[in-house]
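Visitor: Sequence:
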Amino acid sequence: MYLRKAAVSLLRRVRLPSHSISTSVSPPKTSMATATPLPFPLSRKIQFPNQFGNGSSWSTTYADPPIWTILFIQAAIILGINVHPIFADDGSNETNTESEVQGVNISGLSKIEDGSVISNVHTSKWRIFTDNGRDYFLQGKLKEAEKFFLSAIQEAKEGFGERDPHVASACNNLAELYRVKKAFDKAEPLYLDAIRILEEAFGSEDIRVGVALHNLGQFYLVQRKLEAARVCYESALKIKGRVLGRGSADYADTMYHLGTVLFLQGRLNDSEVVIQDSIRVLEENGQGESMACIRRLRYLAQIYIKSNRISEAENIERKVLHIMELSKGWNSLDTVVAAEGLGLTLQSSGSLKEAQELLERCLDARKTLLPEDHIQIGANMLHIARVVMLNYNQLRGMHVSDAIAELDKAKGLLNNAIRITRKVISKSKTQNKKQGYGVSGETRRDGYAAVIILLQSLNELGLLEINRQELQESGAKLSSTPEVKNAHFECISSYKELATERLIGDSTQVKAEYLSCLKHLSSLLDAKGTTEYRGTTLQELKDEIKRVEDDISQSWRHKS
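Just so we're aligned, residue 592 is where the sequence shown starts under the numbering used here, counting upward by one.
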């Protein structure tokens, strides 16, 4: 009862935008006049970078199902987009997330037939305006869509009544549009009103309210308002457990999302228990090899990695890869993603030979399945380059010629990764200028991922050149190489250019990569007693480091 009261109090105090998650549930039977279905499932997956920091694993979802599906009543629409949670790595979990939501991928719109017996000129207009709004929304014409969604709310009120659940549906449609535009102040009261209408119509313990609370929790998860998300998920879990039972897949879905919140709050033990329980429910329902269960297993592996339980993470990832190889084979990107995750974990544990073999097999598969300049290929090259650099570290003291060969190999991989990322960024910039909000979610996500991978690749290239210089100083014969500081300076210049063109938003993760470049360049100048480089003084670098550190710290405080 405490959790329920806390959730209600939260809804009354705070403006709550909503991100629906697909939750396929059947409501209790009612008469045709009052029948009101729950949100229908949307299971289209996306590909989005999962963890750039220590190498990027490409996950097919940020949050299990799509991060939102509009909470609709009969004859409403579904507007689906996807992001990613583990960005504190798949941190929200799978946002990816990011993750901050970077871009919108609108998919899976569908109309629902209206079973209501109410029919008049207003209800007819409501259906027409809703359909038109949906069509314009999908075309990226948000201004036109907004007009129709506003009209749909008015017609729903006049046709069905001010507090009818159809009005809640119309409010959610408009709220989702405002959310896409990041007009959160406009979206919040619409979500709140929709939830209150549902509570008035069906009672505070109705399953529809449980679904709405789940959706609100998902919104908070994306915004990193973690405590608010936890309260919503726990309240939703209580309702779903009572109505659907603790063995239902939908109950397990909310339990999984609660686990992701606990993970981000640093409550790793609690998160592990909850996510393990959600996996158990799926396995007991015969869904142990489903993609939903696979995603949860991989999230559990992330928890083990975070807890430095690498061997346990490796065991889970081997299990996942085995399932994917049997079910889909290597002609599937899902299998490639599973293999890449295992490869990165093996890299962490020091099993470099097996890690490199797996990552190289992933690269070969991606070159077959994807265009030659796809961003995933660039990310894959960055992963391999990092393993090769670790090989170099093991060889440099005993086998100098082999160590030099490893440096050259890593440099080739990094240069190719940089080339690919620049091409993807250029494409994203061009389309963004031409289409604005009409740019596809995939293009936006790829552009954002490319920025991260570009900064990381340039940073790695700078570190590689430091190693090359150290070999030269030890007397090894090496071909001439650009000044060590060039790569780090280019990393900093690239960030500033992209920030000026507003391609990276206020991403904490991008700032973290920028900060890494700043620190490496500052350390190099300090070590050599240099006070200036290309018109930038050492003190200016240090001031910028402090500014970015403060920005990142403030951002995380705000999100928590």
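These are calculated hints, taken from the structure and not from any lab test. Each hint should be verified, as a subset may be incorrect.
Pairs of lysine-lysine, DSS-like flavour, derived with a Cα cap of 30 Å [as the list claims (entries may be wrong)]:
#  : residue 1 : residue 2
1  : K944      : K772
2  : K1002     : K919
3  : K738      : K748
4  : K1014     : K1000
5  : K1018     : K1000
6  : K777      : K738
7  : K1133     : K1002
8  : K1014     : K1110
9  : K734      : K777
10 : K919      : K897
11 : K829      : K897
12 : K1102     : K1014
13 : K1018     : K773
14 : K910      : K1002
15 : K734      : K748
16 : K734      : K772
17 : K1102     : K773
18 : K897      : K716
19 : K1119     : K1087
20 : K816      : K734
21 : K944      : K919
22 : K919      : K1020
23 : K897      : K1014
24 : K910      : K944
25 : K748      : K772
26 : K1137     : K1110
27 : K816      : K1018
Visitor: Please go over all the hints and tell whether each is borne out by the structure.
Guide: Each hint tested on the structure:
1. K944 - K772: The given pair, whose Cα atoms are some 47 Å apart, is violated under the 30 Å limit.
2. K1002 - K919: The given pair, whose Cα atoms are some 34 Å apart, is violated under the 30 Å limit.
3. K738 - K748: This hinted pair holds, its Cα atoms lying about 16 Å apart.
4. K1014 - K1000: holds, 22 Å
5. K1018 - K1000: Between K1018 and K1000 the Cα gap is close to 28 Å, so the pair holds against 30 Å.
6. K777 - K738: holds, 14 Å
7. K1133 - K1002: Holds - the C-alpha atoms of K1002 and K1133 are around 28 Å apart, at most 30 Å.
8. K1014 - K1110: holds, 27 Å
9. K734 - K777: Measuring from Cα to Cα gives roughly 14 Å; hence the hint holds.
10. K919 - K897: holds, 29 Å
11. K829 - K897: Given that 30 Å is the threshold and the Cα spacing comes to 29 Å, the pair holds.
12. K1102 - K1014: Distance of about 21 Å is within 30 Å: holds.
13. K1018 - K773: With a Cα-Cα distance of about 24 Å, the restraint between K1018 and K773 holds, given a limit of 30 Å.
14. K910 - K1002: Violated. K910 to K1002 sits at ~33 Å, over the 30 Å cutoff.
15. K734 - K748: Distance of about 22 Å is within 30 Å: holds.
16. K734 - K772: holds, 10 Å
17. K1102 - K773: holds, 21 Å
18. K897 - K716: Roughly 53 Å between the alpha carbons, so the hint for K897 and K716 is violated.
19. K1119 - K1087: Holds. K1119 to K1087 sits at ~25 Å (cutoff 30 Å).
20. K816 - K734: holds, 29 Å
21. K944 - K919: With a Cα-Cα distance of about 25 Å, the restraint between K944 and K919 holds, given a limit of 30 Å.
22. K919 - K1020: With a Cα-Cα distance of about 35 Å, the restraint between K919 and K1020 is violated, given a limit of 30 Å.
23. K897 - K1014: violated, 33 Å
24. K910 - K944: Roughly 20 Å separates the two Cα atoms, so the pair holds.
25. K748 - K772: Distance of about 25 Å is within 30 Å: holds.
26. K1137 - K1110: holds, 10 Å
27. K816 - K1018: Not OK: K816 and K1018 at ~33 Å, beyond 30 Å, violated.
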